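S.K.: When you get a sec, could you build the whole thing from the sequences and use the hints?
Chain by chain, the residues:
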Amino acid sequence: MNPSMDTPMDKPLTDPHDAGHHAAPAGLWRWLTTTNHKDIGSLYLWFAAAMFLIGGLMAMVIRAELFQPGLQVVQPDLFNQLTTLHGLIMIFGVIMPAFTGFANWQIPLMIGAPDMAFPRMNNWSFWLLPVAATFLIGSLFLPGGAVSGGWTMYPPLYLQGGISYDLTIFAIHIMGASSIMGAINIITTILNLRAPGMRMMKMPMFVWTWLITAYLLIAVMPVLAGAVTMLLADRNFGTHFFDAAGGGDPVLFQHIFWFFGHPEVYILILPAFGIVSTVIPTFARKPLFGYRSMVYATASIAILSFIVWGHHMFTVGMPAGMQLFFMYATMLIAVPTGVKVFNWVVTLWKGSISFETAMLFALAFVFLFTIGGFSGLVLAMVPVDVQLQDTYYVVAHFHYVLVTGALFSIFAGLYYWLPKWTGHMIDERWGRWHFWLSAISVNVLFFPMHFLGLAGMPRRIPDYALQFADFNRIASLGGFVFGASQILLLVVIVKCIRGGEPAPARAWDGAEGLEWTLTSPPPYHSFAKPPEVR
Amino acid sequence: MNAPGTGNANARVRERLLWLALVMFGFAFAMVPLYRVFCDITGINRDEAQVLAINTQVDTSRLVLVQLLANVEDAAQWRLNAPAAAIPAHPGELIQVDFELENLADRAVSGHAVASYAPAVAARYFRKIECFCFREQHLAARERRVLPVMFVLDRQIPPDLGVVTLSYAFFRQVKT
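One line per chain: the protein sequences are A and B, in this order.
The first sequence begins at 1 in this note's numbering and counts up by one.
The second sequence begins at 535 in this note's numbering and counts up by one.
One thing to keep in mind: the hints can contain errors.
Claimed, not checked - Partial selection, computed: residues in chain B whose CB lies under 7 Å from chain A: (1) A543; (2) V547; (3) R548; (4) W553; (5) A555; (6) F559; (7) L568; (8) V571; (9) I621; (10) P622; (11) H624; (12) L628; (13) V631.
Honestly, the hints are just simulated from the structure, not real lab data.
Computed from a prediction, not measured in an experiment: that's the story for all the values here.
Where is the CB? At the ideal position from N, CA and C, for every residue including glycine.
M.R.: Next up, the structure:
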């Protein structure tokens, strides 16, 4: 069988001799026991959507409290719990699972594999996540409330809290195990299950970025697990890794945490680079400019991410030599990142561009992620960072890279691949509304935070001085609109699943790659026989 | 479902990656001693390396001689020694002097030091960060103890005060 670009493979579902020789269980049991990469990909994405709703509601409460000075909506203790959980949920419950969902759906389709390498482990690594999320969110209802010491889990606060702190540490362990298993699965799939002719340097950019991300995950999630294990031991078993009362060093925790934490931010953004590198060439109708340099830039960002963790802790009392080292190393990362932005822009150059919703989000990503990148460069400078540490400037920076960066790329990926997954084209009109409302309101939400930070407003506070009132009000209004706009996304997704214009195998005329040789939606077991890649 | 032969290859990759994860888990704990060793070898975190913490408020153009005096109420029971008769200090400079207190008796005693300054106007220019006169001292029988005093002479100290005296008198605490 030679599935060329014109003959979609729809055999496996209909052919009784082909892979379909077990009756698929129906209902809830199907989702609990599934080992199918598409089912698990959908589970990951729905899980991320549910967490996005919960974490987003928390953000709405936070913005409502900050709408005006004084305490109106929540008391400081609950406010701190909400900021902490918002951070943990958005990172570990939304961005990471959503990208893993994309990986599950797309990597086997893109490299011509029948499924992931370890389908049962795949099932397990997903079903650990709802357990961890239950612990995390359920801790809100425990005596003393949820963790309130910030998502970075710094001692001494994390040594002093109540039962919810132990539960959160346990949840982190579970999510770490899930991520490591997912990463092992992805690496093995990419290394071993590529179709004949799919050489490494022919792999789609999304696959490359996920391969590198998966290596980062395996390298640093165990370090986070070690760090929280030490916290757990300090809390319960009388050790003194970080407990100053027994000769421990709280700054040591920050070193270990950020050794995980900085590669983690690239875990959150490298797959985004992969999605944008897929979407932009499609709608510019040109191949990606500088594929090889993209691969090398991704790899060098990943390697550099291991030697820059100190820039998160310039103010802890670090020797000047180390501050200089971390400052220069951090600025060095701007070079491969600049290569990427350059390549995206040159891909657009003289392309036949059309502005489907997926493309709009990808273009917004390039603009707005770059703003976040530049404010990162500002924060990389030690003397500036000493002023801006723990202010709203930092909040503005990481929301620009994580919301208009990672999250917008997830939106772009959804609008791009939903026709492939559901077999229906998306409703572009609703999509455009979602895009414009999101893209405008997200800037109203986060841009004033730069000014608040420069004026000295500290982060993680429920109340603030009067001079910050105007910009906070603007940010809150933007926040409410941004939050409400996400209902449109849900509508688009549900509409797309339930019906709509049927999507052809190649849903976008500029799309390249193996996934577009399959029908939309692809058969339950894709590529039972490996396709030939020329 | 896999192509024939990939099962073993997959298990091999999985095993290697699991080892990598395990090694990195151990590395998190190894960082605890590694940081100390790294700083010891390179010397990057010694006190003098914290160059950003330099005190820029020292007035090096002036030098004030600080005379140190120490007296006890009952010389048979206590001994309080000043580290030197006098030390030079720049205004704005952080100075540490270590007094030595010794209990000569065979029983535990408590006492309190009272500071006085000469000339009296100098008192308002002594900025003490740490002083044993801040709290009561309890000494076991025959105990000897080093008592640090840290102070900064205010930069506003009048230029005609070339010599000032810091004097401590140690009194036994009367049990009530």
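S.K.: Each hint should be assessed against the structure and marked as holding or not.
M.R.: Verification of the supplied hints:
no.	hint	result
1	A543	holds, 5 Å
2	V547	holds, 4 Å
3	R548	holds, 6 Å
4	W553	violated, 10 Å
5	A555	holds, 5 Å
6	F559	holds, 4 Å
7	L568	violated, 10 Å
8	V571	violated, 13 Å
9	I621	violated, 29 Å
10	P622	violated, 29 Å
11	H624	violated, 24 Å
12	L628	violated, 17 Å
13	V631	violated, 26 Å
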